[in-house]
Amino acid sequence: MIGITAFGAYVPRLRLQKKAMAQTNAWLAPNLIGKAKGERAFGNWDEDAITFAVEAARDALGPQDDRSHIKALYFASTTAPFADRLNAGIVQAALTLEPTIQAADISGTQKAGVTALAQALCVASGAPDGANPSLLVAAGDRRVPKAVSAQEFDYGDGGAAMVVGRQNVLAEWLGGAASTVDFVDHFRGADEAFDYQWEERWIRDEGYMKIVPPVLKRALASAGLEAAAVDHFILPSTFKGIAEGIAKRMGLKPEAVTDNLGTIVGETGCAHALLMLAGVLEKAQAGQTILVAQFGQGCEALVFKVTDAISQFKPRTGLSGWLANRKEETSYMKYLVFNGLVEWDKGMRAEKDNKTALTTLYRYNDGILGLVGGKCQVTGTVQYPRTRISVAPNSPEVDTQEPYKFAERAAKVLTYSADYLTYSMNPPNHYGQIDFEGGGRIFMDIADVEPGEIDSGTEVRMAFRVKEWDDRRGFTRYFWKAVPVR
Amino acid sequence: MAAGIRDKVAVIGMGCSKFGERWDCGPEELMVEAYLEAMADAGIEPTQLDAAWFSTHIDEIGTGKGGTPLSIALRLPNIAVTRVENFCASGSEAFRGAVYAVAAGAADIAIAVGVEKLKDTGYGGLPTGNMGTYIPQTAPNGSAPGNFAQLASAYRAKHHVSREDLKRAIAHVSVKSHANGSKNPKAHLRNVVTEEQVIAAPMIAEPLGLFDCCGVSDGAAAAIVTTPEIARALGKKDLVYVKALQLSVSNGMESQHNSWDGSYFHTARIAAKKAYLEAGIERPREQVSMIEVHDCFSVTELVTMEDLFISPEGQGWKDVMNGFYDADGQVPCQIDGGLKCFGHPIGASGLRMLYEMYLQLQGRAGDRQLSNPSIGLTHNLGGAPASNVCSVAIIGL
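Sequence lines, in order, name chains A and B. Numbering follows our numbering, in which position 164 of the first sequence is assigned residue number 1022; successive positions increment by one, without gaps. Numbering follows our numbering, in which position 342 of the second sequence is assigned residue number 499; successive positions increment by one, without gaps.
Treat the hints as calculated values from the structure; they're not laboratory data. Warning: the hint list may mix true and false statements.
[Stated by the list, open to error] Computed cross-link-like contacts, DSS-like style, restricted to lysine-lysine with a CA-CA straight-line distance of at most 25 Å: (1) A:1141 to A:1111; (2) A:1270 to B:315; (3) A:1210 to B:222.
Extracted from the complex, chain A is given alone in its bound form (with noise of 0.2 Å):
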């Protein structure tokens, strides 16, 4: 058996107010009145696709850090910081996945999540028999239209991600098709801020309607399900109607279409028939079948079957618990702020040269990334970062610390200021000294986190975030922040 062995989900904290949105711009843009409701999920100034999919996927693989499991990585997205360098490898990096995986990324389309997945499973089916190869798709998209636009309503910012493999399945793949259709129902040049976009009407009519279809028929062909079969069908959309309208065509039960957490999440790109996807399998009973698909140039299909071994398995958080760890934000400007959109005075402070000496990076590459540091084998001193002579104090044992992770670590705040001298994206900047159960202290970026919200002994997570921009040169730099528990 193939399939789903594993699944999570990441949506960030903040939530911005749809009808905030509106109110603010409807001098300019009155005829987004009536999307003004809800809410849409949006990445504080921290984060991006990559951090969104390595969240996502430690939300999928649990506490234990030993991934070496993991064969094969797949990150999708349509938003990843670089053109060339390959982003898996971050993530893999992150992840402290092995180096000896397979990591590719997959993009250029808003299928690219299902697509992801469906090469995933493409990978376990044709490995040798007796082989138990697991493979990790991770996705995550951070899509940020034109200010003032009905995309900005429509957008949310979040991850997703899936282990594939053939033991302790939870949803059974039975089949699945594709498509590939030079539709452009919008595109993005290849140094363009913004996408451009078609007639909604012609995009729901040539092309959804057209386009999809036949590969869900062809999907529930190779799997020899009947439409009416289908317990939960997920297509994203942002227009309205457009799963409904497939599922009546097609036989579906109304019931099976899944909502598409537009007023909770937004769309979030790629990854978004994936997270949509675990969702459903959060609270999936065994046999129940799941149609998934996604549109963009054309389109991918993948049918599957839960399990008995469903019930065994939660994700760390999982789609429902990131809903309810959300603040809700009224403020536009910190949208505009946060997503590069307005030019604002951010002081000499911020003239700091970013650059990143990419030969440091390397050579602490599992301590910066993977936020790998040392235990001493002699006294089982635990530090970061990991260094030839020990820093217990009277013992100084020299190249005795074997690597130590860090990341799914419980720690706490030793101390914390909220500085509001410093340039930050997000005054004030919390920062401080945390302490890590089983020892290591990190001094460390507090993200997440509100004035007076936390003291010494606050309980914290690592979560994984932009360090610092290097506008200049188009560099993103990586690294690890503590985040309050909620």
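Position chain B relative to chain A; hints supplied.
Same frame as chain A, but now just chain B:
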């Protein structure tokens, strides 16, 4: 332990520029101002100087690197100039170099000059520093107040002090320093402030408000040292001797090992113990006449009162509140206004602290003169609580 420096070297001249926003001066003019005062005080000619130590921290905006900036500014007679840098303790480092050269017999008379020109950045606070290629990839984008503010949360947690009590105690630290600084014509900040003003000031880095932070100032200070024998031969009387010079440097324990609780300076306690031993001081609370400590932030001064073993651990905030360190208290602290009000031109600060102790010991401190001080201690810190260099120097009669 080595025999130590006690009474082997005497200070025969000191100078200090006016501190503040010296829009009229570059680092060169500041150095000249301090140097001319020190030379006049010592009553010697440039040709009598054998060697110089020169401290400045931020070479990118100040003097530039190396020993030449000092030599050129002062037109020194082509003697050795060693540029030293040890964060905010750079001034003490220059003094150490000059004193050790004299003690070693390598120089008969040596000069230490420290300078910092901070107000050429275009913005308030200290400039954002260059921390190499590794640290910026992990360490928070912080500031000096944000680093030192962290003492507060740890101190509160350890000693069960409420936010309000600690805020009032550190406010008193600043009120006292402003009162002292108001009497010092060379001080950067000479206004008197009230506890209410301090508490109500805008937040800089929680819990430190504007008045919890020291002045960011331009300035220079200088010291001329020689052997007691040469000093007497030059006609000097009532010599001010170097009693102790200690420096303790973090080795990463505080920032990387769980044994440090974040509420105190590990290095300060080590340097203080060694300095008292070197100077032969057994009961600092009774024996030290006055102290100039590194009050870069009010909370730093508060915990330092314990690190110097003058206040019992956990009780420093009460001594502060009770006026123990006020000008009329038992151990006056920052009688010249401290970093808080005299100002903090980084490379000069260690020497500025010594300047005040020297004036006080000689009875030349004007309106702020204490009665018959005999032992003065300076505490000069560089870095951050979790990783720093700490100098403790003692001079006396």
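Notebook entry, point to check: Hint by hint, which ones does the structure fall short of?
Noted result: As far as the earlier hints go, not one is violated by this structure.
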